[in-house]
Amino acid sequence: MPEKVIDRQAVGKEAAPQGAAPARRRFREKFGRGALPYLLLLPALLAELLIHLVPMVTGIVMAFKQLTQFFIRDWSSAPWSGLDNFKVALEFNAPVGKALLHSFWVTCMFTVLSVGLSWLIGVTASVFTQDAFRGRGLLRAAFMLPYALPVFAAVITWSFMFQRDTGLINHVLHDQLHLTSDKPFWLIGDNSFWALLTVSVWKSWPFAFLTLTAGLQNIPRELYEAAALDGAGVWQQIRRITLPSLRPVNLVLVLVLFLWTFNDFNTPFVLFGKSAPQAADLISIHIYQSSFITWNFGQGSAMSVLLLLFLLLVTAVYLFATNRRRGDAE
Amino acid sequence: MRTHRISAALALTAAIVLTASACGGGDSGGGSNSSPKTLTYWASNQGSSLENDKQVLEPELKKFEQQTGIKVNLEVIPWSDLLNRILAATASGQGPDVLNIGNTWSASLQATGALLPFDQATFDKIGGKDRFLESTIASAGAKGKDPAAVPLYSMAYGLYYNKKLFQAAGIANPPATWEELVQDGKKLTGGDKYGLAIEGGNVSENVHHAFTLGMQHGTGFYDASGKPQFDSPEAVAAVKQYVDFIANDKIAAPGNAEYAANQSVTDFATGKAAMLMWQSAGANLKSHGMNPDDYGVVPVPAPAGATGDKATTSMVAGINMAVFKNTKNLDGALNFVKFMTSDEEQKTLNGTYGSLPPVKAAQSDAAFATPELQTLAGVLQKSAAPLPQVPTESQFETLIGTAVKNLLASAAAGKPVTEATVKDELSKAQQQMPAS
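Line by line, the protein sequences give chains A and B.
The first sequence runs contiguously to residue 1350 in our numbering.
The second sequence runs contiguously to residue 444 in our numbering.
Be aware that a few hints might be false.
Stated by the list, open to error - Incomplete in silico selection of chain A near chain B, CB under 7 Å: (1) Gln1089; (2) Gly1209; (3) Thr1314.
Please keep in mind that the hints were generated in silico from the structure rather than gathered at the bench.
Quick caveat, the model's predicted, so the values are computed rather than measured.
Ideal placement from N, C-alpha and C gives every residue a C-beta, glycine not left out.
Could you build all of it, start to finish, from the sequences and the hints given here?
Listed below in structure tokens is the structure:
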């Protein structure tokens, strides 16, 4: 950091006309040598403060208030409720806590499956398109399509396709292939979990594909050639060369996918509307229900804070564990 | 270095706290007349599209501008956003001057204190309270309090039936009791046709029917002191009766359980279902190509010989008009409410939207003399009850509506629906209500 600053100042000195130098010296004396970078950062810092930190802190403060419809008009007048909101949320024998816990497990299952499948499909597709062949560019572009579509439009289309009586999915499964004896429901009941998972994987695997394709470009060709000379088959090459070389990419990719999927609000909201079916009651929708629809914003905030803590914990453990393993390997 | 970091952290915290406290809460002051030349009006979506609403309302707003010199900035807001927008406006204090609200939200929004109460003096400014139908005033706020809004458009549920399909099945008269409805429904069900269409994925529709049936069984889902009674035996019976249309009577298609985009209206209009319980469906049916001659409208069935509350056949449905308390143009806002509830505008607007005027004098107009609207006007006068006007009404709508949706979903999937499963679901809803 300091070297860079000195560099920039040196450049400035060369380029600036002589007359400006005393003024700049006075400025520097006044603010000290280290002030300039901070001064330059100030707008960004203010923006960060306003856009990120203030809403976050406001949310955390709200979690400690009894902020219901009676107080939203002037929420500084809402009574402090201490840890009550958290207690209600964490009392897993009572209905509110039980529902939250259920929603938490659903979200965990959903996230593990969605991230796992997205990664698997992404890595398979990127390995298969690693070697050049006719139409590879076209295929790659087609793979990226779900990522390029606006979420809302894409998910609405899925919701039409999942309709029981008129949807495409049942038309194919039931009318064409005769796989099911009766038309199943996808948007209500237990199947809604699988519907949600399908849309989620469809939506996020192209990102895995893109990232892994980029990662593959960095693996030197010679490694494969040497391995082939030593008699390693394709599967061994993938296991011994490709996957270990992709490790740094995977570390970031899985973390990012995890955070996105765990927090995903748009997909379930567009697919199911305001009240998601039990089987697909993701935590983000659940919190929305607990605050906006029942007008208990303090409760919703408390749940959000718990979610934030959980995600922080997972991220920290993940980074710690993966860093240590990397340390061991070296 | 260390102290530097600490003081920086302290400064950051202080800055956050200051900014946060500056953001908190809206302008808690009352209204004023500091900007008398403009008004912002949030209209709900009453026509076939937001664009259609603009076309209907703009000429009327022009008229108002000519009369008073006040320019009204119109924004039509879809139903899916309206309540969230109102809540945001309430929390920030940055709201419109005049707005439409679903009449069932009246007591909930009244409790926020954001809306101007219509006391005697305020009512006098817009022409008096007794111009409005009593049942519509009752759905504009909690009992014993000054209403938080005034009624603008009124609607009621009726039973729409397809005349041709009834004739073909050899049924002479539309059903008047539930036994008759189920009987007729069974006769009309066969092949891919069903007796009844319901909007089972729509939380609001579910709760409206649960409420009407609840009243007929003797419960309003709240006791006299305003405490929720969601899982009383009467409530269980009411909800079960509704879910049974799919579960036991099998007169509604299982697929109806996921309908949430007015597919039931389409099914009725295209002859896939012979009956539909809907509020003011006429305009909607017409847009699907069904002529008023093809269908009849009667009140929703009630138990034979029922009287009083037990003879309730509909909720008081409709839209109310409210004034934000901290408006900068109080006189103009009330003037605008007076204009919109004038006999002339009531006839024009309700006539266009196919709803009923809550203003008595306007109801006698020829535009509302169609068989459909006369039936619905009768319902509104004689057998309609407002949804519970309590502060937790919106929770009630969400929780009960969702419970019914879940029950319909399991019925549609072929799982048995018994009194126990219904009670279980309703108890869950009850337990999620705030304790106080």
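Let me make sure I understand: some of the numbered hints might not hold for this structure. Which ones are they, in numerical order? Of the numbered hints given earlier, the structure breaks none, since each of them holds.
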